[in-house]
Amino acid sequence: MTTELRRFRVRVGLLLEDPCQTKANSDNTSTLQPFLVADRPSADIIQRLREKRERDHRDTVKNLHKDLAVLGKDLKERSRSTCEDLLSSLEEMDQRLDSLMDRMECQQLVSLQELNDVWKQVRETVVLKRGRICELDQHLTEYESQRTQQIVVLLRKYCTLLERISFLDPCDVYRLLDTEAMLINNALLANRRSIARLRLHLLEEDLQKESVLRLRWQDRSQTWTTGRVDQEVERIRELVSSESVQNPASVQQAVLEIRTTRQTLSEEQRRLIQHIWYQYCSTGIISLAPPTCTTALVTDWYNQLTALNQKIDCCHDNFVRQLHCSFEQSWQNCLAEVERCKEALCTLELSEEEVKHILNSQILSLIGPCQRQAEDRLAILDRDVDMVARHAGILSRTVRNVLRGAALLWEMHSQAVENREQQLEEQLRLLRHQQEEEIQKKEAHLDVLLDRLRQESSEEALKSSLERVLVYLDDITNSSSVWYSKMEEVLESFPALLVDELHTYSAAVSQYYHVGDVHTLIGTV
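FYI, the UniProt record's numbering numbers position 287 of the sequence shown as 287, with every residue one higher than the one before it.
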């Protein structure tokens, strides 16, 4: 009975008296006599009293069910009324949304601001619609909470009545009401699930509709924006195709001036190159070979030639700059139109990446061929007037590279031999240093042995110490011989290293000139 009472209290929140108190009261009757002595015949009063309690019990249970049904009916009516109001409101909002979308798709919208204003109204209506759905969920949840409180009151009320009727034991009454509470809880949970499912379905439908509306708005915005972009691109295309951009008169005049001036400079370049060649031939340019040739001498000869080439290049750059100035006016007109087009695209609320993509793929691609055409003309002019200069430059660089490469090979060989000598000296120095350290250690140990020899008191101990000293002296002598042998090995390996360096130099020279090995060392140095 205690378990059933606890379960019932948890489910409906009843605060009942402890049934153990009733048991205690019944225990107080234990002092009565175990039986009664009837002083007159029975009149079946107990039976009729039990039947009356049974009828009252059934009527009370029926009344409980009726009251619960009344509560359910009232909740149903209120919920239906609220849902009908919401349905009517949602229909009105849907009609408003359809009207706004029809207005959005109308061709009379001439600006993006008008289009965005219509979409703003659509968003406000969608937000209001979603708010009404949330209000419905709040109302239905509130109705269920009120119903739950009323049910708790009813259960407490009828629990008291049933206990008062006493047709059933208190534990049976609690068990009966516990069963009713379980059924009611299941119904309440089912209602809450239905409310949650209704809210979920309404929100899903609202989100789907909002998604459709957003797609329609994006499609309309994209169509409108694409039309404005096409207009801007067509305007730039007409400008680029005009004669003032394709073939300016000032460019032709600049080209004629470049040709005349470049011929004069080419003649001066030829005379200067011949003067430098004859000067070096008189001093013996053939002698610019190892070991008399050095990179410094080759660099000095090439620097003089480079100075002349740089002077010619500087003059050429000035002429090219004049040509660019001739084209600058037509390009400035195009770039100004591009800037105006960019500003117009920015007013369409395009992102920076989209504006950049349109400029690169559709607008700059129209101006690019015009610029490349002018650059091709400049390249053709440069190729015609610089042909001789480039040929002379190639020859001068070729001679410089050959002489400088030979000088570098000889310098590398000389440096390698010097490095070998330094390595030899370092190895000998390291061996001498190690030998000195070992000798110092052995001398210190020898001093210790001699001190012990001096301190010996017996003849046998003295002989033993003397033998150890002699043995250690022999070890020192042998160690010195070993170090000398190591030094001799290092010195004897040096000529072979020099031979290897000579072979390496010979192979490098042969590879540099792309010929077979023309130098072979025979014999032993």
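The set of hints was computed from the structure by calculation and includes no laboratory data. Any given hint could be a false lead.
If you anchor each label on the Cβ, the simulated ranges turn out as follows [stated by the list, open to error]:
hint, residue 1, residue 2, range
1, D451, E488, 29 to 37 Å
2, T226, E328, 48 to 56 Å
3, F494, D317, 15 to 23 Å
4, N478, G405, 31 to 39 Å
5, Q252, T299, 21 to 29 Å
6, E328, S99, 37 to 45 Å
7, E438, G405, 47 to 55 Å
8, Q373, S99, 33 to 41 Å
9, R164, S81, 21 to 29 Å
10, E328, E352, 42 to 50 Å
With a straight-line Cα cutoff of 25 Å, these simulated BS3-like cross-link-like pairs (lysine-lysine) come out [said to hold, decoys possible]:
hint, residue 1, residue 2
11, K356, K342
12, K73, K209
13, K209, K76
14, K209, K66
15, K120, K66
16, K73, K120
Built from N, CA and C at the ideal position, the CB exists for glycine as well.
* Asked: Which of the numbered hints above does this structure break?
  -> Checked against the structure, the hints that fail are numbers 2, 3, 4, 5, 6, 8, 9, 10, 12, 13, 14, 15, 16, while the rest are satisfied.
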